[in-house]
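Peer 1: Using numbering that gives the first Met the number 0, the first residue of the sequence shown is number 0, and each one after it goes up by one.
These are computed hints drawn from the structure, not numbers from a lab. Honestly, I wouldn't trust all of these hints.
What the hints assert, rightly or not - Quick list of in silico lysine to aspartate or glutamate cross-link-like pairs, EDC-like style, CA-CA up to 16 Å: (1) K604 with D435; (2) K595 with E432; (3) K433 with D337; (4) K485 with E503; (5) K595 with D441; (6) K328 with D222; (7) K161 with E21; (8) K485 with D500; (9) K433 with D601.
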Amino acid sequence: MSRIRILSEHIANQIAAGEVVERPASVVKELLENSLDAGATRIAVQVEGGGTRLIRVMDNGAGMDEDDVLLSIERHATSKLRDESQLAAIATLGFRGEALPSIGSVSRLTILSRPRDRETGTRAEIRYGRLHAVHEDGCARGTIVEIRSLFGNVPARKKFLKSARTELYHIEEVIRNQALACVGAAFSLRVDSRSVIDLPAGGGVEQRVRDVFRCQDPLLPVDFTAGDEKNGLRLSGYLLQPEVSSSRTNRLRILVNGRPVRDRMIRHGVVEGLQGFLMKGQSPAGALFLQLAPAEVDVNVHPAKLEIRFRSSQEVHRFVVQAVAAAIKAYQEEVRSDIFSIPAPSPEQAAVPLFTAEARRPLPASSPPEAGSGPGEPVRRPGNMAVRRSAEPAASFRHDQAPFSAVKPPDSLADFTGLTLIGQFAKLYLLCEKDDRLIVIDQHAAHERIMYQRLRRDYLRRDIPGQNLMFPVSVELDPRQLETLKRYDADVALLGFAVEDFGESTRVIKAVPALVSHLDPAEMLAEILASLCSAPRDEPAAVVPPRIDHLLASMACKAAVKAGNRLAPAEMFELLRQMKDSELFSHCPHGRPVVKIFSKQDIEKWFHRL
Numbered sequence: 000m001s002r003i004r005i006l007s008e009h010i011a012n013q014i015a016a017g018e019v020v021e022r023p024a025s026v027v028k029e030l031l032e033n034s035l036d037a038g039a040t041r042i043a044v045q046v047e048g049g050g051t052r053l054i055r056v057m058d059n060g061a062g063m064d065e066d067d068v069l070l071s072i073e074r075h076a077t078s079k080l081r082d083e084s085q086l087a088a089i090a091t092l093g094f095r096g097e098a099l100p101s102i103g104s105v106s107r108l109t110i111l112s113r114p115r116d117r118e119t120g121t122r123a124e125i126r127y128g129r130l131h132a133v134h135e136d137g138c139a140r141g142t143i144v145e146i147r148s149l150f151g152n153v154p155a156r157k158k159f160l161k162s163a164r165t166e167l168y169h170i171e172e173v174i175r176n177q178a179l180a181c182v183g184a185a186f187s188l189r190v191d192s193r194s195v196i197d198l199p200a201g202g203g204v205e206q207r208v209r210d211v212f213r214c215q216d217p218l219l220p221v222d223f224t225a226g227d228e229k230n231g232l233r234l235s236g237y238l239l240q241p242e243v244s245s246s247r248t249n250r251l252r253i254l255v256n257g258r259p260v261r262d263r264m265i266r267h268g269v270v271e272g273l274q275g276f277l278m279k280g281q282s283p284a285g286a287l288f289l290q291l292a293p294a295e296v297d298v299n300v301h302p303a304k305l306e307i308r309f310r311s312s313q314e315v316h317r318f319v320v321q322a323v324a325a326a327i328k329a330y331q332e333e334v335r336s337d338i339f340s341i342p343a344p345s346p347e348q349a350a351v352p353l354f355t356a357e358a359r360r361p362l363p364a365s366s367p368p369e370a371g372s373g374p375g376e377p378v379r380r381p382g383n384m385a386v387r388r389s390a391e392p393a394a395s396f397r398h399d400q401a402p403f404s405a406v407k408p409p410d411s412l413a414d415f416t417g418l419t420l421i422g423q424f425a426k427l428y429l430l431c432e433k434d435d436r437l438i439v440i441d442q443h444a445a446h447e448r449i450m451y452q453r454l455r456r457d458y459l460r461r462d463i464p465g466q467n468l469m470f471p472v473s474v475e476l477d478p479r480q481l482e483t484l485k486r487y488d489a490d491v492a493l494l495g496f497a498v499e500d501f502g503e504s505t506r507v508i509k510a511v512p513a514l515v516s517h518l519d520p521a522e523m524l525a526e527i528l529a530s531l532c533s534a535p536r537d538e539p540a541a542v543v544p545p546r547i548d549h550l551l552a553s554m555a556c557k558a559a560v561k562a563g564n565r566l567a568p569a570e571m572f573e574l575l576r577q578m579k580d581s582e583l584f585s586h587c588p589h590g591r592p593v594v595k596i597f598s599k600q601d602i603e604k605w606f607h608r609l
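Using the sequences and the accompanying hints, generate a full structural model.
Peer 2: Below, the structure is given as structure tokens:
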């Protein structure tokens with residue numbers, strides 16, 4: 000007798016249920032997809048006992064007659080596929096025909112449905128995979144699916160469920176994701192007779208994002224289309240502002256061709272596009288909708304359709320990075336025009352220089368650099384690469400200048416930025432006024448972003464200026480540092496260092512980056528080598544490798560004006576001018592915000608004047 004046997008239909012359905020029905024939230028997901036595919040515009044969900052005692056989903060969709068109700072509980076019975084050719088261009092959320100029979104095999108399932116052209120509906124009752132009763136019943140047009148005693152016949156599965164509170168959280172996440180996928184439908188959730196979610200229809204994508212995230216702050220719009228229309232790539236949606244993001248990684252909701260999915264590659268692209276705008280430990284939040292040709296994505300690789308596969312994942316990743324970066328740039332321009340908007344200068348005003356040559360130099364560090372050799376003299380880098388020494392020595396901040404009130408800047412300075420400078424607070428924040436708003440600027444974060452943008456630009460041009468040292472500095476390196484320097488010698492050279500061998504473990508530093516030439520060369524090199532040694536493996540698609548980007552941000556931080564530096568009025572205006580001209584300025588490269596705006600209304604509320 001053969002030892003191999005064909006499984007019974009009941010056992011096969013239970014196995015399929017293990018793939019499709021992972022937890023109560025999986026049941027809700029499958030039923031919501033069926034409702035949306037049926038054209039429902041109102042979907043109400045009721046849950047008791049975390050979903051194991053009761054799940055009821057009611058919709059006003061197309062409904063089913065008796066024949067369709069009976070077919071819907073058969074395996075691989077679906078209204079969404081007619082032939083093989085449609086499989087490559089799936090547009091519906093569900094299509095396998097496995098959901099209802101799989102759910103029915105591990106629960107007590109009741110279906111009550113009525114199509115538009117029938118006076119009465121059909122009720123079908125299934126108990127743990129076996130049809131118990133079918134009869135006519137009165138009901139409104141649409142479908143009601145009720146699941147009781149989920150996993151009642153498989154206690155081993157039920158044992159692995161989490162607490163009712165955790166299971167409810169996953170159900171809420173499923174409903175919010177599906178609500179984003181179909182903003183034209185209304186969704187509600189009641190838990191033990193308590194209303195938990197109520198999302199009305201008709202408010203548009205932005206309002207639905209606000210409702211889902213309970214966010215009233217300004218959103219960052221994303222709308223980017225690929226130049227090559229062959230794949231139909233388009234990314235749209237809204238991201239929450241970086242300062243209201245959190246450490247939770249599930250706050251970014253991704254939908255591909257209208258289908259909520261989990262995709263690390265897309266998430267990584269969003270994070271890379273937001274590079275320099277998220278603080279350490281923060282994760283992006285918002286809802287992004289990726290559209291592309293159905294033939295370019297395979298949605299049939301996961302039983303629950305939560306994971307997908309792209310034909311060209313690297314191309315999609317690059318596109319997502321570009322789309323998010325473009326959104327950030329557009330956001331910067333909006334903030335720039337809001338803060339720095341000024342009327343066009345008259346020809347007479349345009350002809351008057353606002354700053355002398357000295358004042359127009361980059362804002363210096365808090366202490367002057369050491370003098371070097373002659374201007375413009377090149378310094379040889381390892382590997383026959385030359386460090387360009389800045390021909391113009393950097394100026395330094397002077398902290399012995401007259402008090403703010405004693406120095407009156409030219410009137411044209413205020414006109415240049417569109418801001419009225421009030422002064423400096425706590426030797427760290429610039430206080431400005433514009434249009435009945437108080438604008439507070441972190442001087443260190445602002446200057447750090449300006450320096451970072453300049454270093455990044457010079458790095459991409461392979462042209463970071465170096466500063467010759469009047470007296471070369473000898474350093475002793477341990478074996479690990481020597482190995483790191485040997486491995487990353489080209490990177491160290493591109494950062495503006497000139498380091499030469501001087502014995503077995505001794506190296507001589509002859510030049511350092513001009514922006515940080517006032518710092519201790521040995522400490523700076525040691526810090527860079529430590530950072531390079533512990534740097535993660537670079538992503539192939541990164542324009543600036545992460546290890547280099549981290550170093551550029553660190554150099555910018557050290558070069559920027561510090562907290563505690565008292566600035567003269569001309570220096571404050573110069574910082575504002577450089578902010579206005581910087582490509583990006585709203586956040587420092589470590590993600591901290593640079594600007595905070597308080598409206599007159601905000602302040603009057605604080606003092607109870609409203």
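Peer 1: Each hint needs a verdict: does it hold in this structure or not?
Peer 2: Going down the list of hints, with the structure as the test:
1. Distance check on the hinted pair: K604 and D435 sit about 14 Å apart at the alpha-carbon level, within 16 Å; holds.
2. A distance of roughly 12 Å separates the Cα atoms of K595 and E432; the hinted pair therefore holds under the 16 Å criterion.
3. A distance of roughly 10 Å separates the Cα atoms of K433 and D337; the hinted pair therefore holds under the 16 Å criterion.
4. Only pairs whose Cα atoms come within 16 Å are accepted, and K485 paired with E503 is accepted, the gap being roughly 13 Å.
5. Distance check on the hinted pair: K595 and D441 sit about 9 Å apart at the alpha-carbon level, within 16 Å; holds.
6. At roughly 12 Å between alpha-carbon atoms, K328 and D222 fall within 16 Å of each other, so this suggested pair holds.
7. As the CA atoms of K161 and E21 are separated by approximately 12 Å, the hinted pair is consistent with the 16 Å bound.
8. A threshold of 16 Å between alpha carbons decides the hint, and for K485 with D500 the separation of about 11 Å falls inside it, so the pair holds.
9. A C-alpha spacing of about 14 Å is found between K433 and D601, which places the hinted pair at or below 16 Å, so the restraint holds.
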